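For the protein sequence lines, the chains are A and B, in the order given. Residues in the first sequence are numbered consecutively from 1, following the working numbering. Residues in the second sequence are numbered consecutively from 1001, following the working numbering.
Incorrect hints may have been included.
Which residues of chain A face chain B? A partial, calculated answer using Cβ under 8 Å [stated by the list, open to error]:
(1) L55
(2) V70
(3) R73
(4) A74
(5) A77
(6) R80
(7) F92
(8) E104
(9) V105
(10) A106
(11) G109
Just the calculated beta-carbon pair ranges, DEER-fashion [unchecked claim]:
(12) B:A1013 / A:R217: 37 to 45 Å
(13) A:S82 / B:E1003: 13 to 21 Å
(14) B:K1208 / A:S115: 35 to 43 Å
(15) B:A1256 / A:D24: 50 to 58 Å
(16) B:N1264 / A:S222: 48 to 56 Å
(17) A:G143 / B:V1253: 47 to 55 Å
(18) B:E1003 / A:T59: 30 to 38 Å
(19) A:A74 / B:T1002: 21 to 29 Å
Hint data in this document are derived by calculation from the structure and do not stem from the laboratory. What you are looking at is a predicted structure, and each value in this text was computed from that prediction instead of being measured. Cβ atoms here follow ideal geometry from the backbone N, Cα and C, with glycine treated the same way.
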Amino acid sequence: MSLLVELNNVGRDFDGGRIVAVDDVSLAIEDDETVAIVGRSGSGKSTILNLICGLDRPTRGDVRFEGRAVNGRAAWAAVRASRIGIVFQNFFLLQSLSARENIEVALLGNLGGASQRRVRALELLAHFGLAERATLRPAELSGGERQRLAIARALANRPKLLVADEPTGSLDVQTSQSVMSIIGNLHREFGTAVIVVTHDEDVAALCGRRVEITDGRIRSDSRTTPAPAPRSANP
Amino acid sequence: MTELTLPLRGLIARPLRTLLTILGIALAVAGFVALTGLTAGVQHSFASGIDENGADLVVSQRGAFNLVSSTVPRSLASGLSAVPNVEAVSGVLLNITTADDAANIVMAGWPAASFLWKDMRLLSGRIPAPGDKWPVILGESMATALDKRVGDTVELQFQPYRIVGIASFSSVLNQNSAIVPLEGLQQLLSREDVFTLYEVRLKRPLDKNDIAVARSRLIAAAPGFEVGDTEQFASSIRIFDLLQAIARTISLVVMAMASVSVANTLLMAVNERTFEIGVLAALGWSPRRILRLILIEGVIMSAVGGVIGIILGALAMEMAAKTKFAAGLIVPYLSGWSIAQALIFVFIAGPLGALYPAWRATRLLPAEALRRI
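Bound-form chain B, shown alone (with noise of 0.2 Å):
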């Protein structure tokens, strides 16, 4: 017999009442993990989509709200092109809309002599020739979901595009994407003289310090907008900060809340074992020894409940990712950090729960918990 014999005993004596327990901590742990890891998911996913078009580096506006809000004049191509080391600038239009009013899809609009469309790897079909009328290449996930091929019609911004041709990506977003030249999205969304962000390519070959010299020649070249890698523009992008916010605080309300289940469980347990830690007391346990006891429970749970919600909230993820409304947009992002900070809350939570009910059995004389049969 160890000290955690008489706790899991405790538990296991009632299953029903503890198993609810411990889907209350692992709904919340998954409601934690699926809400950060998805806000994290969308901002990983826009970083790799424009990482895997060729880029090395981003101009956009500083501060911008969300993807689509980056505003960068025409006018600064010339003076990003003429950076040293820098070997292709293309301006890109992004836009957020829905494909046949049944799937939400990223609109990219990208310039006729744009690099970005040498390494587009095309399944079927080619990419959009001068005389084209309204082309689009669909990502090819976009395209299965949607039932579409080559020579077939999709409705975007409510305008009808023709594709063009099918193309594979290795990153969601572009697998959920459609790809349009840039002059006709700019009429459709009225902005002619403004992309939502440059894409710049460096020479070959490259090292960070390259990185870093042309990153800094481009802030000088680009004054007041924000240069940086995939990452950095995706992580200076404000909606991802009101995301998370509103991620973090979802959960822990919801953590709370499974405190409190956790600390009603064990009240409850109390109440119902005064008589055993009555004989415990009576048999010489230490207050702290008994405190100990519950608090042991509370973990228990906690971890259980902590390692359920972790795959549940995994689980969550991939099917939120998997509807078509959220396909492309939504990428489940299960980081390691967002697993320690699940189980640093599930363990600050539980015991938190577990404390009050176990100070609580330690306040009753031996005497008087041993009335209570």
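Next comes chain A alone, as it looks inside the complex (with noise of 0.2 Å):
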């Protein structure tokens, strides 16, 4: 067990200081942990996720993530391509490409040869029940599978972290418990920390850790038993 993220006293204002996003929040967290981050809309429970990853720069404070402040957006990006791997509410799945493809362009410069590439992103679509959907475009999908495949792709690099914005927020109840159930088994099978940011009561449960968020600051920090994930039939 080590320190993976370190938030200390960050800020991140918008529009000039007038809108003031996050406000002095510090947080540590473990490389075992599963933390759900939870607030109402516009809390700044996103854009703490955002600061987590380094997708956002934080206006005052620092981000340290295994123990290193980590500046600039170059180093930031090969944090990300090795370290941590994000899914997003509404997918982020690259129109242009094949199902194995979206997964393919986040192994590329991190996975030499085009054919260890294919192999990785074919394990992973397998891995998801995605196997047959391989050549079908991000539009061809279901709300479930495009989920699904963004997982896939946020684990292509076997991230040390795994990050999900509101992931079940875009899916109908039946895809969400489907969803739920990858989220809820990522730490055992992959071996990742997992910070889910989320306002949906039943998906926090899931994680041994709930962090609640109120205008910008950090209102609760609190640890708990997971409660178990749920059983899907149709992954």
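Two independent chains are provided; combine them into the complex using the hints.
Okay, here's the thing in structure tokens:
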């Protein structure tokens, strides 16, 4: 068990300081944790997630990954490429690429050789029940399939940390169950730390730690026993 | 999937814009190839036209502005003929005019006793004889273009000439020329005591050393004049430098416009694909890799546009050369060097245009890019 991500007195302002999205947040996450960041819409939880992944730059404070301060776009890109997988609410799949290529695109630069990338992509597609959908474009997949593909892509480089921003936000109840089942088992199956931003209490309950955000500040931070992941007959 | 997959898909996803940009690059390259090729073609045509008549060396005015403005005095002839190893010397008077006011034509005035008549391959008729009044031999292509036969009349330099023969030549310049007796042309142009140049034939057999020795002796016999082989003569004419300078300047402007077109297309593509760039950045693509992605798109468009442009340029030269007014004066000439120059241009101009959009793409914070869905 070691420290993975550390936010030290981090703040993020927008519009020249008129909007304070995140204010004085300090948070340390270990490499074996599953964390739910919860809060209402506009509370600043997604901004915190962006700061954890280096997708955004803090106005104040600093963000450390594996004990080291990461500065600059290139340095953060290198960390994301090898250590962090991200799953977005709206999947953010590239429409011009097939399901397989959407995974391969994350491997470019990390895994040498087109054939190696192809094998890894097919392996992940098979794991998430998408082997038959490898050549289809995202527009030809169902919502659940797209989210599973997005999760597969996030895991392509065997990250130490997987972050998911409202992973069930765009899905119907039945598909949400399937995605929750996957997220609930990610840490066990892939050994990654997981941070989920959600306003869905069922999703939050799958995590061993719950951080509640209100008006850009941490209101509570507690550890609980995670609920068992729901079973899904149709992954 | 390779590094090329995404740029190619990006270009294919916007076919009209990609095609229009490629067309812009292709037209710029075609302009460059055609302009520089035609300039070189005119030069090459003059050289091969003189070469074909059997001359080994040419004596002309140093730094003459154009082909017909060179002036060499009649008095030089005896000195040149006396040079050892010189077989024959022939003064030639050249003029560019119109034939029947329908086509541009090069008129060459040859002395009656010139060695130049010996190698002429007549298709019909004969060479001018003493006593012929204003006789002319037309090159085959010009005769065909004007629909003229032996016995017909053609107006040259406001003077009706009677066609006594039609000759076949290998050079385009000669195929579209009119060869007349020297004296008549001198009279028409009021240049009785001068020629445009001397064509010098050396004794056979010849090797490179013989030519070099003869050249240095001819230079001594004609101090202050240009002595060289036909290619050297053609390249010493200053108008070709001017034409090349104009062609290169126009080409540079056109290529700069093509570069702006690439920049515009890629800038629009970058703006439209901000989200995609954000996703790639979120996946861990480095700014350098994203920069390369956009640059590759620019290079692909430039390469395709370059190849199409070279083909279009070659076709444009062929078409320009086939017009009646250009016949014989403009000759398509596509050299490996002009193709290389076009490709060098394109591979500088294209990526240069792509550089700014690519740089802009790397300046975006991923979170900012992803907000712009």
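Kindly indicate which numbered hints from before are broken by the structure, ordering the numbers from low to high. When the structure is compared with the hints, numbers 2 and 14 turn out to be violated.
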